[in-house]
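In order, the protein sequence lines correspond to chains H and A. Position one of the first sequence corresponds to residue 1 (the numbering used here), numbered consecutively onward. Position one of the second sequence corresponds to residue 1001 (the numbering used here), numbered consecutively onward.
These are calculated hints, taken from the structure and not from any lab test. Owing to the predicted nature of the structure, the values given are computational and were not obtained by experimental measurement. Misleading hints may appear alongside valid ones.
Label-pair restraints from in silico Cβ distances [claimed, not checked]:
id, chain 1, residue 1, chain 2, residue 2, range
1, H, M44, A, P1173, 33 to 43 Å
2, H, S104, A, K1113, 16 to 26 Å
3, H, L69, A, L1146, 45 to 55 Å
Covered stretches of chain A (chain H as the covering partner; in silico rule of three or more C-beta atoms under 8 Å from a C-beta of chain H) [what the hints assert, rightly or not]:
id, segment
4, 1105 to 1116
5, 1163 to 1173
A virtual CB, placed ideally from N, CA and C, is assigned to each residue, including glycine.
Below are the chains, spelled out letter by letter.
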Amino acid sequence: MKREKIDKIPARLDLIQSSTGLILALFIMGHILFEASILISHEMMYKVTIMFEGYYFFGETYPGIVSFLAAAVFSIFILHAGIAMRKFPASYKQYRTIKDHALSMKHEDSSLWIIQVVTGFVMFFTGSVHLYIMMTQASNIGPYASSSRVVEELMGPLYLVLLVSVVLHAFIGLYRLALKWGFMEGKSTKVSRKRFKYLMKIMIVFYLALGTLSLAKYTYIGLSHDFSDGLRYQSPDIKMETH
Amino acid sequence: MKKENANRVLKISILRFDPNNPKDFPHMQTFEVLEAEGMTLFIALNDIREHQDNSLMFDFVCRAGICGSCSMLVNGRPTLACRTLTSKLERHITLAPLPLFQLIGDLSINTGKWMRGLNGRLETWIHDKEAEFSFDKLEQKMEPELANEIYELDRCIECGCCVAGCGTIQMRPNFVGAVGLNKIARYHLDPRDKREDKDYYELVGDEEGVFGCMTLLGCEDVCPKNLPLQSKIAYLRRMMIKTSMKD
Chain H
1 MKREKIDKIP ARLDLIQSST GLILALFIMG HILFEASILI SHEMMYKVTI MFEGYYFFGE
61 TYPGIVSFLA AAVFSIFILH AGIAMRKFPA SYKQYRTIKD HALSMKHEDS SLWIIQVVTG
121 FVMFFTGSVH LYIMMTQASN IGPYASSSRV VEELMGPLYL VLLVSVVLHA FIGLYRLALK
181 WGFMEGKSTK VSRKRFKYLM KIMIVFYLAL GTLSLAKYTY IGLSHDFSDG LRYQSPDIKM
241 ETH
Chain A
1001 MKKENANRVL KISILRFDPN NPKDFPHMQT FEVLEAEGMT LFIALNDIRE HQDNSLMFDF
1061 VCRAGICGSC SMLVNGRPTL ACRTLTSKLE RHITLAPLPL FQLIGDLSIN TGKWMRGLNG
1121 RLETWIHDKE AEFSFDKLEQ KMEPELANEI YELDRCIECG CCVAGCGTIQ MRPNFVGAVG
1181 LNKIARYHLD PRDKREDKDY YELVGDEEGV FGCMTLLGCE DVCPKNLPLQ SKIAYLRRMM
1241 IKTSMKD
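With the hints as constraints, model all of the structure from the sequences given.
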C-alpha cells in the first residue's frame, strides 16, 4: 500500500534485534572468560569480582555497580527476546514445516536456526532466573559465595543448561549476523562464510569447554569448602572492612 | 563416493500424485533404471516414461539448465534434474515435486503462475515516468562493468529452487524469497529505472520483504545458477536500513 511516509518500524526492529544480539553475544564472551578466572585461583577470581565492584577505581567495593550492570543486561535481554520472538514458528504447522524442511534437505544453516529457536526459548526461563539473582544478590559473588550458589542453592544444573544454550545461541547468532549484514564478506561469500562457520564451531567448543570447567571448579569448591565461616573469601593481600 | 562400474541399476522413487484425479492419493512409486554413461535425471525420467509408465508427469524444455522447468527435489534438495548426473548420486534416488508451487501432477509444477504473481507484486520492470518510449532515440550508454553486474543478476531463470530451499518462505508463504529480492537488487542497480530508494522500501522494506529473511541461506546453497544471493540480500538489508534513517 502506498503511503506518504515509509513505515520505518520494520527496519528499526531488524536493526535492534541484530544490535542487541551483538551486544549480548559480546557480553557473554567476556562473562564466561571472567568467570573462568576461578580456574587460575581463588584470588584471581576475587580480584576480578572486586574489579567489577569498582575497587580499583574507588578503593572500595560497590556491588551496586554489578546490580546496575545486571539490570542493564536484563533490559537488553528482554528487548532482544521480545523482538526476536517475532521469528519463532507461530503454530505447530509452521514448526513442523521448518523442521521437516531442514531435516529432509539436510541443510546445516536451517538446522542451526532451529537450535537458536530452541536455545532462545530455554533462555527465556534460565536466563531470567540467573539475571534476576545477579541483580538482587550482586554482593554474593566471589570464590565461595558463587560456589555456594552452585552447590548449596542448587543453581548448578540451571547454570549448565544456561551455559549450553547461551554458547550455542550466541555463536550461531554471531555467525548469522556476519552473513546477514555482509560483514567482511570479501570477494567470495563462499569462502568468507566457510571461515565464519569454522570460527563459530571453534568458539562454541572453546567456550563450552571453558564454561564447563569453570562450573566444575565452582562445584568442587562448593562440595569441599566448609561454609561455616560464612560465604566471604578473605584475600591474603587485599584487606577490606566491608568485604 | 565409490566409483562403481557403469551398469548400476538405479532405484528411482518418485512421489506421485495427480491432483485432478479425486481417487488418487500422494504415494511413492519406485522404478528401476539401468544406468548409462553420462546419464542425467532428465534421461532417466524419459527412460521411465518411454519404457515403463507413460502416465508419469514431469517438465523439461531446454535440458541445459537455462529454462528452469525441470526443478525438483532430488533426495530432498531442490535442483535442476537436467543438470544432475546420476553418477553423482547413490543408487537409490528419491524425487519429489518442489513444494509451495501449484502441483500439476507428479513432478510437474506451475512455477510460472507463482513467478507472475511475484513480478506483479514487486513491479519488476523499468520505471521511468518521464521517458516517452521512442524507437528513434538512442539508448543511454552504460559502463560495461555495470552492464555485467546487472547481467549477473539477470541470469535468474525463475526455476523456483531458492523458494523451495528457503525455510522462511515454507513457514510464511507471503515472504518474497530470494528470487524476489534478487530482482529488486537488479532493478536498483539499473540507472534506467528511476525508482527511488523510498520506492524500493515500499516494496520490500517489511517483514514480508528483506526484513523477513532469516539468513538460513538455503537459497544461496541451492541456486543452480550460483547467483550471489547472500551478498545481494545483505546489500539490500543495509540499503533499506539507510533508507529508513533518512528524513
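Going down the list of hints, with the structure as the test:
With their beta carbons about 55 Å apart, M44/H and P1173/A fall outside the hinted range of 33 to 43 Å. A C-beta distance of roughly 24 Å is found between S104/H and K1113/A, which places it inside the suggested range of 16 to 26 Å. The supplied range of 45 to 55 Å is met by L69/H and L1146/A, whose beta-carbon atoms lie about 50 Å from each other. For the segment 1105 to 1116 of chain A, the assignment as covered by chain H is violated, since 0 residues bring a beta-carbon within under 8 Å of that chain's beta-carbons and 3 are needed.
For a cut-off of 8 Å, the count of residues in the segment 1163 to 1173 of chain A with a CB near a CB of chain H stands at 5, and the three-residue condition holds.
Of the numbered hints listed earlier, those contradicted by the structure are 1 and 4.
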